[in-house]
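Novice: Fit the two chains together into the complex; they arrive one by one in their own frames, and the hints show the way.
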Amino acid sequence: MPLVQLLSSDGSYDRMKIGWREQCEAAGEDFEFWAQVNLNVMDQIVADRSAATAHSRSGVYAVQKGDDLPETICLANWVRGLPGQPEPVLRVRLVTMSPAIDFGTAAEAKSLYVGNLAELFFGIIELSQGVMAANEIKFHLGSPEDYNFFRFVTPELSKFSGFSRVEMKGTWLYITVAP
Amino acid sequence: MSHLEKTELKAVLWNAFAAAIDAIGIDAFKRTSFFGSNDPAFKAAKSAKDMKQAA
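These protein sequence lines are chains A and B, in that order. When the letters of the first sequence are read in order and numbered with our numbering, they come out as residues 3 to 181. When the letters of the second sequence are read in order and numbered with our numbering, they come out as residues 138 to 192.
Chain B with its partners taken away, still in its complex shape (with noise of 0.2 Å):
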């Protein structure tokens, strides 16, 4: 790949996720699969830990 098809990906990369998240908004990408947060042993956790202090 030559220098400038490295420099119009990279353009191409940063729009794309941009407008991405555009369309869909930030909660909704803060659901996706790329935070350890939404590991469901993780929410499970956080859940029982929150259920206990409230109780």
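With the rest of the complex left out, here is chain A (with noise of 0.2 Å):
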């Protein structure tokens, strides 16, 4: 599954909305409430283009199959100039799974959540090779339960030979491309 991007210029970003309300209500959910903090700052990442810059840019990306509805959403926010960072860097925070997967049952669950994590992190790496290049690549970890569970991840991920560096720092996982 690639990795896509969700605009509001071509109605993408509110099928996703219009859809995981549906699953929502499905759930017998409220949808208003759910993911409220995340989908509040997409919402203003899509609707504002004005904030991209020549050192700053953002954008909503999703795991979707063909024309199927999003089954993982996040914010890719590529930025030069941070402080001691001379590179440019690409952060990805966010990471949304839908909510069919959120109340789904359990049977097919970690299959789900192991193959979306997968797709978004491997699309992630594809999009620093391109369109938000970067070597340097930090993900969010929105809670201590992240934390707890990227403990887990980086181990692994430091086998990957394409990898410089896999690094806990704080409240992010950072990723080194090797060049």
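Heads up, a few of these hints could be off.
[Claimed, not checked] Quick list of simulated restraints, FRET-style, between CB atoms:
no., chain 1, residue 1, chain 2, residue 2, range
1, B, 156, A, 16, 33 to 43 Å
2, B, 192, A, 171, 39 to 49 Å
3, B, 139, A, 55, 28 to 38 Å
4, B, 184, A, 83, 35 to 45 Å
5, A, 178, B, 189, 44 to 54 Å
6, A, 171, B, 187, 31 to 41 Å
7, A, 16, B, 159, 32 to 42 Å
8, B, 191, A, 180, 53 to 63 Å
9, B, 192, A, 57, 48 to 58 Å
10, A, 170, B, 162, 16 to 26 Å
[What the hints assert, rightly or not] Which residues of chain B face chain A? A partial, calculated answer using Cβ under 7 Å:
no., residue
11, 146
12, 149
13, 150
14, 154
15, 158
16, 168
17, 169
18, 172
19, 173
20, 174
21, 176
22, 179
To be clear, the hints were calculated from the coordinates, so they are not data collected in a lab. In this text the structure is predicted, and so the values were computed from the model without any measurement. Idealized CB from N, CA, C, for every residue including glycine.
Specialist: Set out below in structure tokens:
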């Protein structure tokens, strides 16, 4: 599943929100409050294209199979000129799985979680080699539970020969892609 | 990145996430921020709804 950008201009972002609202309602849950913090931030990013400059640009990206609804989304922010960071950095925040996965049955849950995270990370690495070019990638760890999870992910990712560094620092997972 | 490296990366990612979920357990993984149902506003609204139904 490729990583695709969701935009207001082509209706893909609104289509995701309408579909995810239906998924919430099908599960008997209230979409107004579900992932409220993440979606509020993404709403602003998608609406305000003027925020893109030569030094910073952001977009909402989705793991999506064909014309299906996105299964997982995130906010990607490419920035140049961070303090102490001469090279551009690609920062990833607000990773959010769909309501269908969130409220789904447990039977296929693990493979869905693993598949979505693997596709998302793979897509981000590809993004860092393309339109958001950066050898430094930072994934935000949004909660103590995220930190606990990535404690176990980090040593495994370090085994990939294409990464020269995989390290957790504060609330971020740092990945440096080998030049 | 070569085709071979991409194939290796996909395998590393799958193994890393699968192993980490096994290590912490599905229940702990479901408490990560990847799930919108862990949003504080959602939890508060759901709790209020549950209390109202119980009353």
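Novice: Compare the structure with the hints numbered earlier in the document and write down the numbers of the violated ones, lowest to highest.
Specialist: Going through the list in order, the structure violates no hint and respects every one.
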